[in-house]
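Given the coordinates of chain A, work out where chain B should sit on it, guided by the hints.
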Amino acid sequence: MRTTSVTWQLGQGAGWRPQLDGALARAVGLGFLEVVAESIGAHDLPAGVAAALGRGLQVVPHGVSLSLGGAERPDRARLAHLASVAERVGAPLVSEHIAFVRADGRESGHLLPVPRTYEALEILCENVAIAQDALPVPLALEHVAALVQWPGAEMDEATFVGELIERTGALLLLDLSNLYANAHNHGYDALESLVRFPLDRIAYVHVGGGRVRDGVYHDTHADPVVPGVLALVEELFALTDAPGILLERDDDFPPEAELVAELRAIADAVRRGSEHRVRT
Amino acid sequence: MSAPDREGYGARQAQLLDALLRGGDYPAGFVAAQADAAGRSLRRKRARAVAQAWPALALHLGGTFDARFDAFARAVDAPASGDPLRDGLAFARSLGHDAPLGDDARAELLLARAALCRRGVWVRAARLRRPYARLLVVARVPWLGVVHRSFACLRVASPR
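Which chain is which? The protein sequence lines are A and B, in order.
Just so we're aligned, residue 1 is where the first sequence starts under our numbering, counting upward by one.
Just so we're aligned, residue 1 is where the second sequence starts under our numbering, counting upward by one.
Bound conformation, chain A alone (with noise of 0.2 Å):
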């Protein structure tokens, strides 16, 4: 196991798209960026992100096709472009996530849930070590969004996200999104399963939009942070201090302005949960 402790903080931050270069190159106030390693090229960095780097932003990769949870040992071809992603950016972490994304050869396109089982952790457990051994820098989970569930969960999620990160000494990306998500579909409180989370083991928290469909919540990235995820950006802050809080926005892009608000409004949820914890 490799237990990594945060040194770093990193401010406000959003994840870097071509479509939102400029909007993110004249916000005010942010300390870093998230790239998605697999839209880097092997060689040449983003002239955006190069910029950011220039400018003193903190990039940090973050990978969607490790398939952590898959039933394969994570491929060694993949490892290494997000090492070498993290090298050049000079990343004081990467993350991905607690997912798989291809079975029997064949992709999902997308994070599909594992089964919360203790075969399914020793599993993700094993996928993780290889994971670390072969990253030069700690690595952070994060907890997908998950319209089904499995049958037969032997623990709820705070629980198995808790002893995954205990036992491979990984941190924790904490996405309130997803968490409301999770709550919003699957019928539980959203507040009561977050605090059971290992909120000291945060390396920093994602916060993105979404929309409810057909009475279902669905993550977009596409949509507006709605009203539940900035209260619990509230309610986290007034529980404990995190390193970074980064928007996700990856599709139907706003005007600049309705970016810099929703940046404006995710401060302003940190501002009042960080005040409240300080005065109590």
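No lab work stands behind these hints: they were computed from the structure.
Any given hint could be a false lead.
[Said to hold, decoys possible] No farther apart than 20 Å at their CA atoms in a straight line, the calculated lysine to any residue pairs in the SDA-like style are these:
| no. | chain 1 | residue 1 | chain 2 | residue 2 |
| --- | --- | --- | --- | --- |
| 1 | B | K45 | A | V216 |
| 2 | B | K45 | B | T64 |
| 3 | B | K45 | A | E38 |
[As the list claims (entries may be wrong)] Covered by chain B, per the in silico footprint, the following chain A stretches (three or more residues, Cβ under 8 Å):
| no. | segment |
| --- | --- |
| 4 | 26-35 |
| 5 | 68-76 |
| 6 | 95-105 |
| 7 | 142-151 |
Built from N, CA and C at the ideal position, the CB exists for glycine as well.
Chain B only, in chain A's frame:
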């Protein structure tokens, strides 16, 4: 402690993934409504990427795009690379005579075929009608990449 059963674990994941991609026949114990939503979400994400890579095709199909692509996605896996240009090419070819393509979509199809051609010289042409009659020539040439040019089709009056 015995090693976890990766083979059985992988088989169960493969069974779920197949059911989600095909849109039915879920393994025992899954809630069908949840699995339906998850499968639709996978296919919608794939459709969105193809629509962005193939704007003229998406515009041509208009309101029928979503249903047509959903039917295609249930039957045909996305390419292993996930490349939406290649995925859209397979989709466009699957339409056949069912949805004859307009000028812009045909031009887009030629450009995509050229971009996806990996070896040698590739040249094709299409006669387009709007906004004026012209011949679009698309070529993929090693070192140069994809080049295209259109030529106005002159109408020569036949002698009386």
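Hint consistency between K45/B and E38/A [alpha-carbon to alpha-carbon, up to 20 Å]: holds (17 Å)
Coverage of the segment 142-151 of chain A by chain B, judged on three or more residues with CB within 8 Å: holds (count 6)
Chain B over the segment 26-35 of chain A, status - at least 3 residues with CB closer than 8 Å: violated (count 0)
Coverage criterion applied to the segment 68-76 of chain A (partner chain B; beta-carbon cut 8 Å; 3 residues): holds (count 3)
Distance restraint between K45/B and T64/B, which requires alpha-carbon spacing of 20 Å or less: holds (16 Å)
Annotated coverage of the segment 95-105 of chain A by chain B, confirmed only when three residues or more have a Cβ within 8 Å: holds (count 5)
K45/B paired with V216/A [C-alpha distance capped at 20 Å]: holds (16 Å)
Hint 4 from the list above is the single one not met by this structure.
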